[in-house]
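Undergrad: Taken in order, these protein sequences are the chains called X and P. Under our numbering, residues -6 to 491 are what the first sequence spells out, in order. Under our numbering, residues -6 to 491 are what the second sequence spells out, in order.
Check before you lean on any hint, since a few could be wrong.
[Unchecked claim] Pairwise CB distance ranges, derived in the manner of DEER restraints:
| no. | chain 1 | residue 1 | chain 2 | residue 2 | range |
| --- | --- | --- | --- | --- | --- |
| 1 | X | Asp67 | P | Asp60 | 42 to 52 Å |
| 2 | X | His398 | P | Glu465 | 56 to 66 Å |
| 3 | X | Leu91 | P | Thr200 | 46 to 56 Å |
[Claimed, not checked] Heads up, incomplete: computed chain X residues facing chain P, CB under 7 Å, no partners named:
| no. | residue |
| --- | --- |
| 4 | Asn29 |
| 5 | Gly30 |
| 6 | Asn175 |
[Unchecked claim] From the derived model, a few chain P residues whose C-beta atoms are all more than 10 Å from chain X:
| no. | residue |
| --- | --- |
| 7 | Tyr(-2) |
| 8 | Ala33 |
| 9 | Ile95 |
| 10 | Ala316 |
| 11 | Tyr326 |
| 12 | Gly327 |
| 13 | Leu356 |
| 14 | Ser390 |
By construction, these hints were calculated from the structure, which means they are not laboratory data. C-beta: ideal position from N, C-alpha, C; glycine also.
Protein chains: 2
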Amino acid sequence: MSNAYAQLLERVRDITRLQSVGALLEWDQETYMPKNGVRARAGQFALIARMAHEKLVADETRSLLGDADVPADDFVAATNLRETRRAFERAAKVPAKLVAEIAGTGSLARDAWAKARAASKFSDFAPLLARMIDLKKQVAEHVGYETEPYDALMDEFEPGATSAPVEAIFAELRSATTSLLNRILAAARRPDPSILTRHYPRPQQETLSRRFAEALHFNFDAGRADTSVHPFCMTIGGSGDVRVTTRYLENFLPAAMFGTMHEVGHALYEQGLLAEHAATPMGEAVSMGIHESQSRMWENMVGRSKAFWTYHYRGLQAMFPDALAKVSLDQFYGAINTVTPSLIRVEADELTYNLHIVLRFELERALIAGRLAVLDVPGAWNEKMTKMLGVTPANDSEGCLQDIHWSMGAFGYFPSYTLGNLYAAQFFEQARRDIPDLFERIAANDHGPLLEWLRLHIHRHGRQFRAGELVERVTGRPLSIQPFVEYVTGKFSPIYGI
Amino acid sequence: MSNAYAQLLERVRDITRLQSVGALLEWDQETYMPKNGVRARAGQFALIARMAHEKLVADETRSLLGDADVPADDFVAATNLRETRRAFERAAKVPAKLVAEIAGTGSLARDAWAKARAASKFSDFAPLLARMIDLKKQVAEHVGYETEPYDALMDEFEPGATSAPVEAIFAELRSATTSLLNRILAAARRPDPSILTRHYPRPQQETLSRRFAEALHFNFDAGRADTSVHPFCMTIGGSGDVRVTTRYLENFLPAAMFGTMHEVGHALYEQGLLAEHAATPMGEAVSMGIHESQSRMWENMVGRSKAFWTYHYRGLQAMFPDALAKVSLDQFYGAINTVTPSLIRVEADELTYNLHIVLRFELERALIAGRLAVLDVPGAWNEKMTKMLGVTPANDSEGCLQDIHWSMGAFGYFPSYTLGNLYAAQFFEQARRDIPDLFERIAANDHGPLLEWLRLHIHRHGRQFRAGELVERVTGRPLSIQPFVEYVTGKFSPIYGI
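All chains should be modelled from the sequences, with the hints used to inform the complete structure.
TA: Written as structure tokens, this is what we have:
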């Protein structure tokens, strides 16, 4: 192993450490920071982000990358070198001035977005959105792409992904989804989700969240669970310090319950990365989509399964007798698996959720390609919603202003959500094959076998494989919508009697 | 104002930001970090500390300091320039290699100290202590001094202080203390402190801590109060984010109660620094001793006063009826003001506390001067304890191994504690003159007048004045033991009937 590689790795570790320190600054801001701390925090965060960036794009990094030499058969070193080169090249291609402009515009745009959303007035947000799109187009030009600029942006979240195959798979998915959705909407039998909006006192919900986190083997010696306005999972100190947050709504049980399982799913991935590769690419997650596959699997395929509730429903009833004493397991299971086309992505069910993503993918791709004008966004959004989901936003607030992503310049992020759902289904199908009694184990509250399977096939590899490679390696075939379609069909058919 | 000064100040702000980030890393480690986070945290902390140091001693800092030019009558700029120059010169004089050696030795020495203390075996700690003393002597030689190397070390905590005047004032204080102590020990009347070791349930203690913090005007919008093994106050984001911690002992009421007031005293100083000078010397505290004057004043002169309990004792009784229902206010007041020579510094009363400091000052000064050999420390310690306090440690654990300071290389820190007590008494005497109804206000639970006085005379000045200057400016005369002696005599005479 060359000395340059060793020096490069120490540099990478320092960059990762700075990013982790940035994560702590964010975590603290969302959980415990007193309100008057916000001004100093902004300065601290900007400084740490700038130092991490400078350390990455420094001439010394370039020269170490040039000199580093690792044995071809050393996959750890090869992965670290490849991923560091990738991160360096991407960062070095974008001028510091442009990075700073995006940060500044993002700060203004987030503020404008929040106000425009509150006033439900897209036109107030449009100028800064247009500015942000222009800046992100410049980023795409600097980074470079083969087919279209959007690919250069998506690549940040899903390395190696390009829009043409994503478009193809999304088209298939949309068609299959619409077909199943139409059968569901025509069904005579319908579960009653209103039982989930009864009164669920917070203290019991907190006990429940802790119980589920422990059942899923979240390691509290290597993490924490706290409360925040928006739930998230954040890695503060490699696999030894991974923190999740939850929010509690007393009149909507799923928020904390499934929110906890979702974030714990992310956290199990981070806790499962190998400590020996801490602060290097081999100790990091593959992509946003693979990350989402973990959270979705635990939230939906485990957390919304009949097997899970076969074990847990009695305990839930005992905890919330006023709300649930007279509700049967089947009624509850139906309620948490109700399919209803709705306006808000984050409240959507497992089936219609992906339509929200397809819509965003189409719109943001058109925006970046210049095929859609910013001022035409509300019209295009509402038209697509009506066409794809059969519901029409009454205003911009419940339409094109609902998500924060664009204000932050996160174009190309949305596809990862649906890719995550597809990866999850394909992984889970394989896990069921490899663990024949998987649902019996889940019904016995034994989540060890699934977690061990994920550790073995996914977590321990860090960034060794690209998302597509990993899927093929683990499941023996390329990504396909089939496992997801079979999963949702298998789940919703009995519930809706179709 | 020169452009160099503006650039220098921006550099200083970045250094301060890095130090604040380091403070958050420490705060988090002591309060919420999961135990497996410790390995990554060590790397993060070392990196941030190194970056702050490098930014301070960089050639660019030197050149900006050389070019910076500020109008003589601009006291803000003059203070910032003077203090930045001071910090730079001190840091730049010490070779990076020596700094790293001290950090490494400190890490080993803390571990060795903890083990030696547990085993009560000084000889196990002695080799690393000897090494640390040698390194700190080297620091003193690099930094430079006029009379003796110890001065160069003390100057880190108490800028401008030297041992000769400290020795003189400590000698006076020791003599006055011993004289009062002998009268107290000979007194027939004695309060009964055993009532403080009854059972005090933690939930009520938590309510009490919050109540006292609020009564003292701790601003919870600009700070937090949490729990930790060792109580501390830490500034995370200038005056907008100052955090204290408390520990709760169910069989020792004073720990949380007075610990809270002590740390809140520190916090009020930090919260009172002017936000317009954030992250620059004008927005920082004068010295460790002046800081301690604030914590001691609120803890002792306010918190252990008859006036304070005239208001609060009834509420305390209602909170802990089992322990206190039959205890009168006078009995309680006596209990919290009991004077007893004891072995452990942190448990010492207001009067004997300073004797513990005089002892440490004499020993560490002799160690640095080479007049005392490391292996002779236990004997010298025990001999001085017996002579000064009339009690003799049965082993090293309750003797020379009780404090962490030396293992961290913090030689020259101890004097700040007693200087703080003296500053506090002198400031408080002046405050009583300026606020004639001060004790009536305290007895009405109105702590606003004292806080406003401290804000006006001390907090808002940041580092404009050295400790000695500040004392003269605020009280009209140089530091003297008289106010402290009058304060303790006035307090303890009626309690002991002498």
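Undergrad: Now tell me, hint by hint, if it's right for this structure.
TA: Hint check:
no. : hint                               : in the structure
1   : X/Asp67 with P/Asp60: 42 to 52 Å   : holds, 50 Å
2   : X/His398 with P/Glu465: 56 to 66 Å : holds, 60 Å
3   : X/Leu91 with P/Thr200: 46 to 56 Å  : holds, 53 Å
4   : Asn29                              : holds, 4 Å
5   : Gly30                              : holds, 3 Å
6   : Asn175                             : violated, 48 Å
7   : Tyr(-2)                            : holds, 19 Å
8   : Ala33                              : violated, 3 Å
9   : Ile95                              : holds, 21 Å
10  : Ala316                             : holds, 29 Å
11  : Tyr326                             : holds, 34 Å
12  : Gly327                             : holds, 38 Å
13  : Leu356                             : holds, 39 Å
14  : Ser390                             : holds, 30 Å
Hints 6, 8 from the earlier list are contradicted by this structure; the remaining hints agree with it.
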